[in-house]
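Novice: The numbering used here runs 873 ahead of the 1-based position in the sequence shown.
Don't take each hint at face value.
Stated by the list, open to error - Simulated DEER-style distance windows between Cβ atoms:
| hint | residue 1 | residue 2 | range |
| --- | --- | --- | --- |
| 1 | 1151 | 900 | 27 to 33 Å |
| 2 | 1025 | 926 | 41 to 47 Å |
| 3 | 914 | 1113 | 47 to 53 Å |
| 4 | 1159 | 926 | 18 to 24 Å |
| 5 | 940 | 1159 | 36 to 42 Å |
| 6 | 992 | 1101 | 41 to 47 Å |
It should be emphasised that the hints constitute simulated quantities derived from the structure, not laboratory data. Cβ coordinates follow ideal geometry from the N, Cα and C atoms, glycine included.
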Amino acid sequence: MGFTSGAKTLPALINDIANQIIASSADWVDGDDTWTTTSTTNSNARRCLRYTGDANDIWVALESCNDNTAPIGSSEASYRVKGLRVTFSASWDYINRIYPAGSDDTSMTFVSFEGRGSHNSPAADLGALLLTYFLWTDSTGFVLMANPEPHATDNLQSSFICAVERLNQKEYSDGLTNFYCYARLNSGHSWMNSNRGDNKPYRHYTIVRPFAFRAQDDLGIQFWQDPTRGYALKSTGSGKVYFVKPMICNDSAKFQPIGQSELFFRFSAESGLVDGDVIAVQSATTKYLCKSLQSPDSTAFLYFAMKYVA
């Protein structure tokens, strides 16, 4: 539990996330002990978590998808990707050892940080490819920021953030789970919005509210933004930082805020904040670490502050 950083493969990170969350609270248990990271070929490296602290249990599946033949774009000559798949389900198929059919319709997202164009599948082996990572885990979930090491032939590599969180408080009783997933890449969103029927398990969505809706391009999550200073503000007078935690919504139009994240918030270059800045919350022990990540194939930055100290 807490903050860690370094360089590890995706299967190793999935294992760390699962083990640390299970150790954080008796409400978390192993959802399927046949899901392990022993084998890293295909999509074999995976873990399943089961949260038992609510009236209805929820399963959270984390998969390292090391193979993909489905085009992400609209044609057969489009891009192909590998990465992290996150799936929520309200039950578990213990006969076939998988989440129920249809979970990819509303409750799944794919963090496609390893990609390649022109009808080619990515060549990198996710069982060997190192990610420089920054990870926070606690009893509410996790937030992971990472950047893959360069690969010679994969020309669509992205850094990413992925957060899975159980909201401790909601604005009103909505009959839905307290969980959500947020995922974003530093590049590549425009070519991952295809709705081809054969690529459903590989589609990237920035926000998932399990069993309710999912959306792309940050629809369904509201970040505070000033037109000139970006997503946060560091005072040039006092040095204090002013920010708003993102609002998680129950609709893509953002008219139904249901709660706020405690794990991360967004900033930008105009905020006066830089990579490595640590923000201490006034009158609390909580601190956030600012990270700005580029990637091997894009100079675009991914700017987020993630939980650093509880």
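Novice: Run every hint past the structure and note whether it holds.
Specialist: Taking the hints in turn, this is what the structure says about them:
no., hint, verdict
1, 1151 / 900: 27 to 33 Å, "holds (30 Å)"
2, 1025 / 926: 41 to 47 Å, "holds (46 Å)"
3, 914 / 1113: 47 to 53 Å, "holds (50 Å)"
4, 1159 / 926: 18 to 24 Å, "holds (22 Å)"
5, 940 / 1159: 36 to 42 Å, "holds (40 Å)"
6, 992 / 1101: 41 to 47 Å, "holds (43 Å)"
This entry satisfies every hint, going by the numbered hints stated previously.
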